[in-house]
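Colleague: Listed below are the residues making up each chain.
Protein chains: 2
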Amino acid sequence: MPITPRDQDYSQWYNDIVQNADLAENSSVRWCMVIKPYWFAMRENIQKALDSMFKNTGHVNAYFPLFIPKSFLSKEAEHVEHFAKECAIVTHYRLKLDDNKKLIVDPEAKLEEELIVRPTSETIIWDSYKRRVNSYRDLPILINQRANIVRWEMRTRIFLRTTEFLRQEWHTAHATYEEAEAETKKMHRVYNDFATNFMAISPVLGPKPEHDKFAGALTTYAVEPMMQDFKALQAGTSHNLGQNFGKVFDVKFTNDKNELDYVRWTSRWVSTRLIGWLIMSHSDDKWLVLPPAIAPIHIVIVPIFKTPEELDNIKKYLQPIIDKINSEKIKIKSEYFDDEIRIVYKIDDDDKKSMWRKFNEWELKWVPIRIAVWPRDMENWNIELYRRDSGEKESIKISDAINKITPLLNEIQDKLLNKNRKFREDNTYYVDSYEELKEKVQKWFVMAHWDGELESALKIQDETKATIRCIPFDEFIDDKYKWEGKCIISGKNSKQRVLFAKSY
Amino acid sequence: MPITPRDQDYSQWYNDIVQNADLAENSSVRWCMVIKPYWFAMRENIQKALDSMFKNTGHVNAYFPLFIPKSFLSKEAEHVEHFAKECAIVTHYRLKLDDNKKLIVDPEAKLEEELIVRPTSETIIWDSYKRRVNSYRDLPILINQRANIVRWEMRTRIFLRTTEFLRQEWHTAHATYEEAEAETKKMHRVYNDFATNFMAISPVLGPKPEHDKFAGALTTYAVEPMMQDFKALQAGTSHNLGQNFGKVFDVKFTNDKNELDYVRWTSRWVSTRLIGWLIMSHSDDKWLVLPPAIAPIHIVIVPIFKTPEELDNIKKYLQPIIDKINSEKIKIKSEYFDDEIRIVYKIDDDDKKSMWRKFNEWELKWVPIRIAVWPRDMENWNIELYRRDSGEKESIKISDAINKITPLLNEIQDKLLNKNRKFREDNTYYVDSYEELKEKVQKWFVMAHWDGELESALKIQDETKATIRCIPFDEFIDDKYKWEGKCIISGKNSKQRVLFAKSY
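Chains U and E are the protein sequences, given in the same order.
According to the working numbering, the residues represented by the first sequence are 60 to 563, in order.
According to the working numbering, the residues represented by the second sequence are 60 to 563, in order.
Treat the hints with care, since some could be wrong.
No distinction is drawn between identical chains; accordingly, a pair holds when it is met within one copy or between any pair of copies.
To be verified - DSSO-like, lysine-lysine: derived pairs with alpha carbons at most 30 Å apart:
1. 456 <-> 405
2. 144 <-> 481
3. 411 <-> 374
4. 169 <-> 129
5. 134 <-> 169
6. 169 <-> 155
7. 497 <-> 311
Don't read these hints as lab results, they were simulated from the structure.
Please model the entire structure based on the sequences and the hints provided.
Modeller: Here it is as structure tokens:
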């Protein structure tokens with residue numbers, strides 16, 4: 060299937076990439092997708108990376124019920140407003156066969172209180188925290204949940220905003236503001252570490268402005284990468300949510316001064332959308348592109364054989380390469396990850412498929428390295444090594460290939476990150492007039508001075524459809540532009556530039 | 060909380076174990092449980108083990124929708140009969156605030172077709188397989204899904220049979236009966252490998268008799284361990300399901316002779332109940348007992364300190380042990396597992412809890428090894444090493460402890476398996492008269508000759524409440540009793556003994 064170019068129809072391009080690489084498909088259930096094995100394997104790599112990083116920072120996993128009693132959602136008005144209206148509602152608990160042997164909902168099996176399929180889990184989690192927190196000695200609670208989430212979205216978007224999606228959500232409980240804020244900031248850094256070192260994505264980091272924090276949050280820290288259409292896609296916000304849920308669910312504890320206080324809450328999540336983020340960051344008009352740290356398969360080995368004996372011989376011939384692959388790991392620079400990424404290879408010896416079909420399938424799935432062996436190669440101690448990112452193909456000695464493979468995977472990982480960083484930096488403009496902002500922000504990231512007033516932010520938003528994505532940490536501002544200035548709208552003093560962009 | 064002895068109230072004993080080790084709690088949603096971090100960590104170890112074993116046998120993971128359209132369930136009569144009647148039914152997709160600001164189900168947001176929260180996933184999976192299978196070249200499909208399942212059980216049982224539970228389900232699709240049967244048998248062996256080498260449980264293996272196969276299955280292979288109340292708990296059946304679903308969902312393919320045929324299906328699953336199986340196999344009247352291959356934490360280190368400096372010194376003092384732990388792995392004898400089990404330690408340096416509270420908490424969670432260090436120990440290069448299974452405590456040189464830890468963990472794992480095997484063997488009786496069977500099967504496993512007739516099986520079942528658990532493979536029959544004989548009911552010829560037992 061040909062891929063629609065990005066600048067012709069960005070959404071269609073995204074769908075084409077997903078379908079060509081066989082990542083997902085629409086199911087027979089409205090806006091629910093089937094996550095196919097290749098996508099799921101990427102998700103597992105992401106999960107493994109995050110899991111190691113979160114465990115290293117003291118977090119544990121747990122699981123809370125799928126269903127939320129309707130009354131739980133009513134407890135918190137903002138919750139209803141933001142999450143809970145468009146949702147799947149369970150009203151009955153039994154089917155029966157009617158007189159015509161047709162399967163119908165049994166009207167006598169109506170629930171006393173309806174159950175909502177979780178659109179988010181705060182209420183059910185805090186209901187449980189209430190039972191386990193009495194004293195500051197029971198805190199902090201640092202829990203992560205991996206779960207399926209259902210929202211009856213009216214604005215669905217295939218493979219990006221679906222009715223059901225998979226998510227990790229962290230809900231931590233703390234005794235003091237300081238501890239909650241430290242957690243919020245640390246996990247924001249962990250996100251950045253993950254984005255940079257695994258996803259090969261270089262985002263801009265910083266707090267959200269006051270008016271754009273998550274509902275009820277004291278602070279919200281954002282991770283804002285640039286997609287290939289130059290738009291921002293918010294990924295992995297980290298929130299310090301104060302005592303709001305502690306009060307709503309009446310979760311009190313005795314602090315170290317023996318006073319009663321409400322528990323503090325921080326929260327963050329990542330979802331199936333991460334894969335969308337990955338695709339939109341690296342893939343091009345021809346195909347899916349994957350960083351090796353996330354790729355499900357690093358090396359596909361295609362033996363060209365006619366008989367089982369030939370296949371056997373090729374496998375024996377390749378054994379030194381296999382042994383080497385099994386003994387090495389992909390290099391990860393992360394500060395928090397302490398697990399290993401094994402090099403995954405697949406010997407595609409399916410005798411029902413032609414060589415060309417195999418080459419094409421692995422091409423579309425963007426396996427970073429392909430090794431092909433013809434019987435004649437063996438006479439010369441050669442193999443054919445194909446490098447997916449550059450398209451370079453060479454016939455080299457097997458003894459040379461052995462030492463080349465792991466460095467090549469590390470090189471491809473670094474190259475993708477550097478490309479992504481450069482793309483963002485090259486497409487970020489530092490402007491000092493509103494006129495210039497209005498022009499540049501139509502397409503690119505813009506760093507400009509802002510006085511911190513809601514009024515100025517809204518004016519820009521109304522007139523350009525761009526928003527303040529975050530107040531970048533100092534390290535994300537080019538040294539040449541690190542000076543105090545005047546707000547481009549009001550002319551008032553401004554301590555630093557903020558990031559304006561259009562976004563998903 | 061004191062633990063109710065097993066022979067006083069087995070169910071209450073199970074609940075007490077779960078609560079003392081802080082494994083799970085009831086939630087505010089009817090018969091849905093909160094899976095707490097310690098249980099969840101065991102589940103992660105189980106999942107990691109199975110995942111490696113299944114990937115090594117060519118399987119991949121994918122994810123299918125949570126919701127099943129009602130019409131899908133109607134397609135297959137047996138499906139409705141077995142799974143689909145007691146289930147959670149989504150009928151609406153929106154809440155709204157009524158005139159009194161009360162949150163109600165919006166009557167205008169009624170679904171045209173109701174959605175069932177998956178009680179099992181065959182129908183939605185086969186609906187997807189239909190779209191991807193055309194030729195024998197597209198087969199086999201070897202997919203596993205990890206998912207939450209909901210059944211509105213009328214006979215619930217806390218922590219064992221709950222409304223929502225977590226499950227892995229494998230649904231494979233094949234071109235030929237032989238291939239499907241080979242898969243069914245192989246995965247049955249994988250289950251046994253997992254039970255033996257990870258769970259330290261020694262089950263009896265073999266096919267189910269004709270009359271007790273899974274609905275619609277051509278063959279069903281069972282894994283039947285003995286619980287500590289001498290009952291069998293069926294765990295991990297493997298089914299060759301023929302062309303039933305291929306026909307119901309009209310999944311046809313062109314075979315290698317260019318003829319149209321229906322796809323063959325095999326299936327198996329394991330669920331949250333595995334943890335129940337584990338608890339009921341090893342735990343005793345005092346506490347939870349865990350095999351190290353599944354235990355979330357292998358070593359808890361409790362430094363006894365007054366000041367941060369003392370804690371620092373103890374940590375430095377222990378560094379050689381930590382380094383050693385980090386460099387070693389738990390030994391696993393599995394034929395299919397090729398991953399590693401790291402040794403997990405936790406330094407419990409929480410200064411808000413007393414030493415005694417810490418000792419007690421880790422005791423209840425059955426961490427296999429505890430190391431405690433007092434400042435005075437450091438003067439003599441000693442540590443206190445406590446072995447959880449035997450209760451032995453010794454003060455030994457740190458240099459000796461280093462080489463003792465990993466072998467000790469391996470020893471505990473082996474010991475639990477041997478104990479479980481011996482328990483089953485010691486409590487299995489070989490009988491040759493119906494009178495003796497009736498007496499022995501009230502409590503124990505019984506191996507007796509059976510003529511293979513439903514009539515004889517039903518007579519025993521009616522009169523004793525015991526069933527034929529499986530037709531054991533030869534290796535599970537004691538050599539002394541491996542002879543052909545006469546059915547203890549009918550007196551007809553019988554080729555081999557079968558396993559009779561009461562079960563969960």
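Colleague: Please go over all the hints and tell whether each is borne out by the structure.
Modeller: Results of checking the hints against the structure:
For the identical chains of this complex, residue 456 and residue 405 are intra-copy neighbours only, at 20 Å inside a copy versus 48 Å across copies, given an alpha-carbon limit of 30 Å. In this homomeric assembly, residue 144 and residue 481 never come within 30 Å of each other (Cα to Cα): the closest approach is 42 Å inside a single copy and 57 Å across copies. Taking CA atoms no more than 30 Å apart as the test, residue 411 paired with residue 374 passes inside one copy only; the shortest distance there is 18 Å, against 59 Å between copies. Taking the shortest alpha-carbon separations for residue 169 and residue 129, both the intra-copy value of 14 Å and the inter-copy value of 17 Å come in at or below 30 Å.
Both within a single protomer and between protomers do residue 134 and residue 169 lie at most 30 Å apart by alpha-carbon distance, with minima of 23 Å and 24 Å respectively. For the identical chains of this complex, residue 169 and residue 155 are neighbours both inside a copy (13 Å) and across copies (19 Å), given an alpha-carbon limit of 30 Å. Taking the closest pair of Cα atoms, residue 497 and residue 311 never come within 30 Å of each other, the shortest separation being 49 Å inside a single copy and 58 Å across copies.
Checked against the numbered hints listed earlier, the structure breaks hints 2 and 7; every other hint is satisfied.
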